[in-house]
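Chemist: Build out the structure end to end from the sequences listed, making use of the hints.
Chain by chain, the residues run as shown.
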Amino acid sequence: MRSPFAYTPRNRPLQAASPGAAVAYLGALLVVVFLYSSPLVLLAAGVAAVLAGLLAGARRAVRVSLRMGLGLALLIVVVNALVVNRGETVLARLGEWPLLGQVDVTLESVVAGAVIGLRALVALVAFAVYSACVDPDRVLRALRPLAGRSALTATLVSRLVPVAAADAARLHDAAALRGPGAAAVGKAALARRLLAGSLDRSVDVAATLELRGYSLEAPRARQQRRRSRYDRRFYLVGAAVLLAAIVGKVAGADEFQSYPTIEVGLAAPTLAVAALVAASGLAPLRRRSRHRARPAAKRSGQRRAPALEAGGV
Amino acid sequence: MSELAIRRGAAPALAVERLTYGYPQAAVPALNDVSLTLAPGEFALLAGRSASGKSTLLKAACGLVPHFHGGEVEGAVAVAGLAALLVGPGELAAAVGYVAQDPETQVVSTTVAAELELPLELRGDGPADRARAVEEVALALAIPHLLGRAVDTLSGGELQRVALAAALVTRPRLVLLDEPTSQLDPVAGDELIWLLRRLNEEWGVAVLLAEHRLERCLAAADRVVAMAAGRIGFDGSPAEFLGWAQAADPALETPAARLFSLAGLEPLPVGVRAARRALDAAGLGAASGVEDVGGAVPITPVPHPGKAAAAEIHPPAENIFSARGLWVELERDEEMVDVLRGIDLAVARGERVALMGRNGAGKSTLLRAAAGLLDPAAGKVETAAGIALLTQSPGDYLVRERVADELPGPTGAAALAAVGLEHAADADPRDLSGGERQRLALAIALAGRFDGERLPGLVALDEPTRGMDRGRKDDLVGLICRLVGGGAGVLVATHDVEFAAAFASRVVLLGDGVVIADGPAAEVLSGGWYFATEVARVLDLPGVVTPEQGAAALLDRGRPFPPHTEERTTTRGEAGR
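Line order of the protein sequences matches chains A and B.
Heads up: the first sequence begins at 0 in numbering that gives the first Met the number 0, then just goes up one per residue.
Heads up: the second sequence begins at 0 in numbering that gives the first Met the number 0, then just goes up one per residue.
Hints listed in this document are in silico derivations from the structure and should not be mistaken for laboratory results.
Mixed in with the good hints there might be a few duds.
Listed below are the simulated SDA-like cross-link pairs for lysine to any residue, each with C-alpha atoms no more than 25 Å apart in a straight line [claimed, not checked]:
{"no.": "1", "chain 1": "A", "residue 1": "K186", "chain 2": "A", "residue 2": "L208"}
{"no.": "2", "chain 1": "A", "residue 1": "K186", "chain 2": "B", "residue 2": "T410"}
{"no.": "3", "chain 1": "A", "residue 1": "K186", "chain 2": "B", "residue 2": "G371"}
{"no.": "4", "chain 1": "A", "residue 1": "K248", "chain 2": "A", "residue 2": "I261"}
Taking CB as the label site, the calculated pair distances span [stated by the list, open to error]:
{"no.": "5", "chain 1": "A", "residue 1": "L73", "chain 2": "B", "residue 2": "A376", "range": "29 to 35 Å"}
{"no.": "6", "chain 1": "A", "residue 1": "L69", "chain 2": "B", "residue 2": "D450", "range": "37 to 43 Å"}
{"no.": "7", "chain 1": "B", "residue 1": "L138", "chain 2": "A", "residue 2": "A239", "range": "39 to 45 Å"}
{"no.": "8", "chain 1": "B", "residue 1": "A227", "chain 2": "A", "residue 2": "N10", "range": "50 to 56 Å"}
{"no.": "9", "chain 1": "B", "residue 1": "E330", "chain 2": "A", "residue 2": "V263", "range": "40 to 46 Å"}
{"no.": "10", "chain 1": "A", "residue 1": "R285", "chain 2": "B", "residue 2": "T36", "range": "55 to 61 Å"}
{"no.": "11", "chain 1": "A", "residue 1": "P179", "chain 2": "B", "residue 2": "L138", "range": "49 to 55 Å"}
{"no.": "12", "chain 1": "A", "residue 1": "T152", "chain 2": "B", "residue 2": "A26", "range": "34 to 40 Å"}
{"no.": "13", "chain 1": "A", "residue 1": "N10", "chain 2": "B", "residue 2": "D511", "range": "47 to 53 Å"}
{"no.": "14", "chain 1": "B", "residue 1": "T36", "chain 2": "A", "residue 2": "P179", "range": "28 to 34 Å"}
{"no.": "15", "chain 1": "B", "residue 1": "L329", "chain 2": "A", "residue 2": "K186", "range": "21 to 27 Å"}
{"no.": "16", "chain 1": "B", "residue 1": "E239", "chain 2": "A", "residue 2": "P144", "range": "50 to 56 Å"}
Some chain A residues near chain B, calculated using beta-carbon distances under 10 Å [to be verified]:
{"no.": "17", "residue": "L139"}
{"no.": "18", "residue": "A165"}
{"no.": "19", "residue": "A173"}
{"no.": "20", "residue": "A174"}
{"no.": "21", "residue": "A181"}
{"no.": "22", "residue": "R191"}
{"no.": "23", "residue": "R200"}
{"no.": "24", "residue": "S201"}
{"no.": "25", "residue": "V202"}
{"no.": "26", "residue": "D203"}
{"no.": "27", "residue": "A205"}
{"no.": "28", "residue": "A206"}
{"no.": "29", "residue": "T207"}
{"no.": "30", "residue": "L210"}
{"no.": "31", "residue": "L215"}
{"no.": "32", "residue": "T260"}
For glycine and all other residues, C-beta sits at the position ideal for the given N, C-alpha and C.
Modeler: Here you go:
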């Protein structure tokens with residue numbers, strides 16, 4: 000089975016965009032995530048990342064990353080609540096714990112953990128969307144003239160990861176198929192076997208790269224970037240989000256305090272930044288061509304709804 | 000040499016002169032004093048048993064030997080005038096394309112289009128040149144619909160085509176292929192060979208093709224080079240090769256040639272068409288009155304999925320495996336797809352069943368469902384006395400460094416004895432031959448499933464003959480017969496129709512997740528175009544699938560011929576051992 004985060008080619012704007020444009024767009028969301036602590040802005044960034052993923056067709060990547068991120072966020076909340084004793088609103092006094100000492104669970108430490116967890120969750124979703132929607136080959140090729148050896152290593156790794164995953168699945172099946180009289184196979188033995196097999200595989204992949212001429216020094220002058228008509232859109236949205244985030248930060252849009260008591264700012268700058276960041280999730284929206292719809296409507300012999308005829312889609 | 004000179008064909012496509020090569024730390028050289036010249040536009044077939052040096056010669060021709068693998072080398076190799084022992088594989092890439100056996104490690108990009116574009120980009124071609132070359136090679140190999148696909152969503156056959164396209168996209172003068180059809184079904188395998196022939200004729204690409212299934216490609220070749228123990232044993236035309244193989248190494252004979260030699264006919268035919276013409280000329284052709292010698296063995300009616308009871312196929316008391324209304328769905332491209340659709344099938348004790356069908360028909364899925372690796376979406380699978388499944392990669396079963404550590408105690412010893420490996424208990428599995436490693440993996444799957452001397456359950460093998468020469472296949476037929484003699488039933492998923500004819504008493508043909516034919520092997524394997532043996536295609540006689548049967552039919556015109564019985568197959572298997 001394919002990894003939910005594996006790149007899948009689709010005829011969508013985010014996939015069609017050049018790696019630079021896609022990285023600029025998704026990177027701007029990440030900057031917001033790491034720049035802001037306001038739950039509202041973080042939530043808006045999360046909405047944007049989810050929207051971007053869904054509009055790009057990476058539904059499974061979004062779903063799985065949300066599930067993983069929620070688990071991670073919950074873990075962070077629990078650990079933060081147990082480790083941090085700051086805050087004035089005590090929810091539970093859990094007494095003396097080994098290593099941790101006196102453990103008091105406060106509302107503030109729970110909320111602070113939730114904010115950190117939310118940040119991790121949104122970052123995970125953004126990475127998942129990047130992984131599922133941005134062609135790693137194009138990223139590596141863009142990097143190759145800048146860092147040839149790193150690009151080669153990254154190419155080998157990017158190919159070996161799915162190969163190793165397939166090998167691991169096969170080894171697991173073979174272990175399950177051993178007869179009851181054969182020696183049992185532990186995880187360590189399987190891991191050793193997988194590692195040995197991966198080394199063989201990497202030699203094969205390296206041989207293929209060699210045969211394709213990877214060791215040749217390609218003339219740079221003949222390399223040319225492939226552009227997309229969506230590039231400008233993603234660069235503009237990314238720049239707008241970045242600018243708004245920086246201006247908003249300066250203007251006090253990141254008003255949030257967890258200790259000693261919780262204070263969440265909901266002033267106009269915060270609301271404006273949150274609204275803009277959330278709306279940026281619509282950037283991968285595909286604009287449908289009106290020319291294609293007409294013959295279909297004629298063929299079916301039906302009149303289209305006025306709203307559609309007005310180009311509302 | 001300039002690229003222009005390479006394209007104009009100023010030099011031989013391949014010139015190997017007195018090449019001797021040994022892998023690092025190898026006791027004996029893999030190639031020994033090999034000399035070979037391949038003219039531009041020539042199509043040569045590289046024949047020989049396993050470990051005879053075929054793959055090493057191909058690797059020397061593309062520069063992987065010695066540049067990538069190391070080792071000691073003497074002699075000279077020139078590819079389109081480039082000294083392959085001096086320049087690396089990267090420099091040779093413009094002149095030579097190489098396609099190895101395993102397509103999975105031959106792709107390094109995420110999408111098909113990127114994979115095809117990579118060699119062009121690496122040699123510095125501009126975007127317009129790259130786009131045109133990719134489009135043309137995709138059209139030539141009939142894969143334009145795959146260009147936008149991610150490589151990890153392709154089937155084995157599709158992946159093999161993409162690997163071939165990536166090798167051809169730079170328009171090399173020479174293309175080297177190492178058993179490219181070993182993972183393909185008969186349809187895809189034949190298509191690939193004739194595609195190579197077309198590229199050879201239309202583009203003038205010289206082809207050097209290493210294959211075990213010679214019957215598949217002999218007719219397409221201009222020339223055959225046979226290797227034995229690292230040396231060239233024969234170099235000549237396909238027709239001459241058959242005469243040489245008959246005298247020097249009968250394991251390399253094609254079934255049609257074996258049919259003719261058993262029937263005392265000359266000359267030995269290169270392919271089905273030549274055989275038919277020769278028979279017609281001798282008055283023995285299909286139109287000449289050779290009777291239907293197979294007898295009236297009826298093909299078992301195949302019930303419609305989900306409608307007929309499995310009891311109609313075999314009496315339940317005999318069955319050691321049964322699937323009733325079996326549906327299995329798997330995820331493909333984020334969608335659930337029905338891979339098996341209402342399979343009703345039973346295997347009785349003592350049966351030898353070949354499970355056939357094109358790539359993606361559901362053969363492996365059926366075996367995996369039988370072994371409990373997949374849960375049915377609907378229906379039921381029963382293996383009353385257990386199942387031992389050997390998957391396509393026997394190496395996956397070997398995780399320890401001593402055979403006896405894999406199979407400890409008396410149960411382990413019994414399993415080793417069952418596969419004839421009791422002598423290898425102290426060996427390192429990596430030191431065993433390919434055939435022995437496969438038998439060891441089977442012993443691991445069988446261990447603990449014996450009831451005294453008897454083996455009561457089902458033994459299932461998934462594509463066990465990949466990369467095997469005929470000697471090793473005969474050994475496997477013998478092993479299957481021994482297991483059946485011990486009380487087991489055997490179910491083998493295979494693309495190899497000649498192997499199926501050698502071991503199977505019954506053939507089940509799957510198509511798109513449904514059983515489309517189920518009957519005696521001699522009937523099923525003589526009743527089609529692709530899933531038919533070479534002898535069946537030559538003689539077109541119902542029930543005649545092996546060279547021995549065909550020769551008897553030709554010799555005894557008019558006398559009824561016994562159908563493909565248990566005794567005949569067993570005898571052949573024993574002889575193979």
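Chemist: So, for every hint listed, does it hold in this structure?
Modeler: To see whether the hints hold, each was checked on the structure:
Between the alpha carbons of A/K186 and A/L208 the distance comes to roughly 32 Å, so the proposed pair goes past 25 Å and is violated. Of the pairs offered as hints, the one joining A/K186 and B/T410 holds, with about 23 Å between alpha carbons and a cut-off of 25 Å not exceeded. Proximity of A/K186 to B/G371 is assessed by CA-CA distance (about 21 Å); at most 25 Å being required, the pair is judged to hold. With a CA separation close to 19 Å, the supplied pair A/K248 and A/I261 stays within the 25 Å bound.
Range check, A/L73 to B/A376: Cβ separation about 33 Å, and the 29 to 35 Å hint holds. Hint check: A/L69 to B/D450, Cβ distance near 51 Å, so the stated range 37 to 43 Å is violated. A beta carbon spacing of about 43 Å between B/L138 and A/A239 agrees with the range 39 to 45 Å that was offered as a hint. The hinted window of 50 to 56 Å between B/A227 and A/N10 holds, with their beta carbons roughly 54 Å apart.
Hint check: B/E330 to A/V263, Cβ distance near 42 Å, so the stated range 40 to 46 Å holds. Against the hinted window of 55 to 61 Å, the Cβ-Cβ separation of A/R285 and B/T36 comes to about 57 Å, which satisfies the hint. A hinted range of 49 to 55 Å for the beta carbons of A/P179 and B/L138 is consistent with their spacing of about 54 Å. One distance hint, 34 to 40 Å for the beta-carbon pair A/T152 and B/A26, holds here, with the actual separation near 35 Å.
Look at A/N10 against B/D511: about 28 Å separates their beta carbons, and that is not inside 47 to 53 Å. The hint said 28 to 34 Å for the Cβ distance between B/T36 and A/P179, and at roughly 57 Å that hint is violated. In this structure the supplied range 21 to 27 Å holds for B/L329 paired with A/K186, their Cβ-Cβ distance being about 26 Å. A C-beta distance of roughly 53 Å is found between B/E239 and A/P144, which places it inside the suggested range of 50 to 56 Å.
The restraint placing A/L139 at the interface with chain B holds, with a minimum CB-CB distance near 9 Å, inside the 10 Å limit. A least Cβ separation of about 8 Å between A/A165 and chain B falls short of the 10 Å threshold, and the interface hint therefore holds. With a least beta-carbon distance of about 4 Å to chain B, the hint placing A/A173 at the interface is held under the 10 Å criterion. Given hint, A/A174 at the interface with chain B, holds; its Cβ is 8 Å from that chain's nearest Cβ, closer than 10 Å.
For the restraint placing A/A181 at the interface with chain B, the shortest Cβ-Cβ distance is roughly 4 Å, inside the 10 Å limit, so the hint holds. At its closest, the beta carbon of A/R191 sits 7 Å from a beta carbon of chain B; the interface hint therefore holds under the 10 Å criterion. Look at A/R200: its Cβ gets to within about 6 Å of chain B, closer than 10 Å, so that hint holds up. Hint on A/S201 holds. Least Cβ distance to chain B is approximately 9 Å, under the 10 Å limit.
This hint holds: A/V202 has a C-beta 8 Å from the nearest C-beta of chain B, less than the 10 Å allowed. A cut of 10 Å between beta carbons decides the hint on A/D203: the least distance to chain B is about 4 Å, and the hint holds. Residue-level restraint check for A/A205 holds (minimum Cβ-Cβ distance to chain B is 8 Å; threshold 10 Å). At its closest, the beta carbon of A/A206 sits 5 Å from a beta carbon of chain B; the interface hint therefore holds under the 10 Å criterion.
Checking A/T207 against chain B: minimum C-beta separation of about 5 Å stays under 10 Å; hint holds. Interface hint status for A/L210: upheld, as the beta-carbon distance to the closest one in chain B is roughly 5 Å, under 10 Å. The interface hint given for A/L215 is met, as the beta carbon of that residue sits about 5 Å from the closest beta carbon of chain B, less than 10 Å. For A/T260, the shortest C-beta to C-beta distance to chain B is roughly 46 Å, which exceeds 10 Å, and the interface hint is violated.
Checked against the numbered hints given earlier, the structure breaks hints 1, 6, 13, 14, 32 and satisfies all the rest.
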